[in-house]
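Colleague: Those protein sequence lines, which keep their order, are chains V and D.
For the first sequence, the working numbering begins at 1 and goes up steadily by one.
For the second sequence, the working numbering begins at 463 and goes up steadily by one.
Source of the hints: derived by calculation from the structure; they are not laboratory data.
The model shown is predicted, which means the values in this text are computed figures rather than measured ones.
By construction, the Cβ of each residue, glycine as well, lies at the ideal position given by its N, Cα and C atoms.
All the pointers check out, no bait thrown in.
The calculated DSS-like cross-link candidates involving lysine-lysine, where the alpha carbons are at most 30 Å apart (straight line), are:
id : chain 1 : residue 1 : chain 2 : residue 2
1  : V       : Lys94     : D       : Lys472
2  : V       : Lys94     : V       : Lys378
3  : D       : Lys479    : V       : Lys94
One-sided excerpt, in silico: chain V residues whose CB lies under 10 Å from chain D:
id : residue
4  : Cys17
5  : Lys77
6  : Val98
7  : Phe118
8  : Arg150
9  : His151
10 : Asn152
11 : Phe158
12 : Ile335
13 : Pro341
14 : Cys368
15 : Ala421
16 : Phe441
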Amino acid sequence: MVHCYKLGGLNIVLDICSGSVHVVDDVVYDVIEAYESYPKEEIISAMLEKYASDETVTREELEGCFEDIEALKGEGKLFSPDNFESMAGKLKEKSAGVVKALCLHIAHTCNLNCSYCFASQGKYHGDRALMSFEVGKRALDFLVENSKGRHNLEVDFFGGEPLMNFDVVKELVAYARSIEKEAGKNFRFTLTTNGVLIDDDVIDFANRECSNVVLSLDGRKEVHDRYRVDYAGNGSWEKIVPKFQKLVEARGGKDYYMRGTFTHANPDFLKDIEKMLELGFNELSMEPVVAAEGDPSALTREDLPIVLDQYEKLAELMLKRHREGKPFTFYHYMIDLKGGPCIYKRISGCGSGTEYMAVTPWGDLYPCHQFVGEEKFKLGNVWDGVTNHEAQCDFASCNVYSRPECRDCWARLYCSGGCAANAYHSTGSVRGVYKYGCELFKKRMECAIMLEVAKTLDEEEN
Amino acid sequence: MKRIKTLDTKNLCETAKNGGCGECQTSCQSACKTSCGIANQQCENKK
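Looking at chain V on its own, in the form it has when it is part of the complex:
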């Protein structure tokens, strides 16, 4: 399968199953698009007619294009077949029972009252609670015990607002550091925070212990303060921005994400990205809101073309800034064409419910943070391990080939079948497909690859 698209003045051809990326001129672009649907002679005649005014397009030249295409096909770089289906379950089979990442819900409470919060202001539709050290310690032991041969273990301190239980966060990190060497493990901690409680102590801790920090900022003050308010209704932008700036500066400007959410109220989110840049932040992420259809914050069909256009304009801005020596990172446009994930990872799905789980303040296990509070998805707890094997089985069998809609999609080896939570919330099944999200994802991949192509061409010119 190939995917051909034009963006940023470039004609790009992706060979999906080999991962090859080609940049072609208009003639070859047209030939490749027609290649599998029409006989060679018919394509040549059509090209001679279409490019009649171009004297370089002769029959001999077109024969040469066909030879080049055949050569790439022979090298496995064009029209390569999908021979991966039999491998789809293998990574999960190989890693059956292995847990390597936990999202610790250290606080099911929050000091902000954002109405668009998928976690219902940190409560996850349940009671407010803080995780005790004992529960957290047991969760870390559970992770070590179930990680088998995995060396790198990931733990995200999440909420609600994790800094509302900061003492326990610090104690848990100290505990993990005390056991990791003997256990032969390397803990990678991350912290996701709204910033309200950031102080020098938090900054020191985060910069010493966390491989990444995720900082919630929606961009423009008026956009951020529309949703991100305290319980008295006051916006939080003025309070948190200086704290984020201090933390990021102390961090050397790296290993963080300024993470925003855009909603129906700001589908023109590029302005929010520009605001983040203006504030001095360069590692950025902007996520579409997760909201039920009909919710006032939910993105609509009418928003879709605006959002897609914003993604293209964002790519243009990134390329411009890159060429000016002022680059910035956008999480969803990070793609390493030479060193990205292997085919097993690409077809196996996100790992939720198998290698990745969320732990509630009470020690219950869920397939991921977005399923917390949905009782039927409760997998077990950190003392007894996974006991709801039926629910886990649904997640273990999720992969690119388990979703019929993904089989013919060119983006399937970039998204790995998509987010199970988004699928469940939009279709009622973890094996469904959140089509709106697919539209956004495909555009993001086209932009990300275009950026890589443009940068490569720039490098070769200079």
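Mind docking chain D on chain V? Use the hints.
Modeller: Then chain D, alone, in the frame of chain V:
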């Protein structure tokens, strides 16, 4: 090939031989938390 330029990319078919070590980052952990994409993951296979 004067009308085609092929970028230097990782051959996915080749990764079937030594891939699947599982050391790479979990997909949405520590970053977006609300969507899945694996293209931005780094391979951590040391083999």
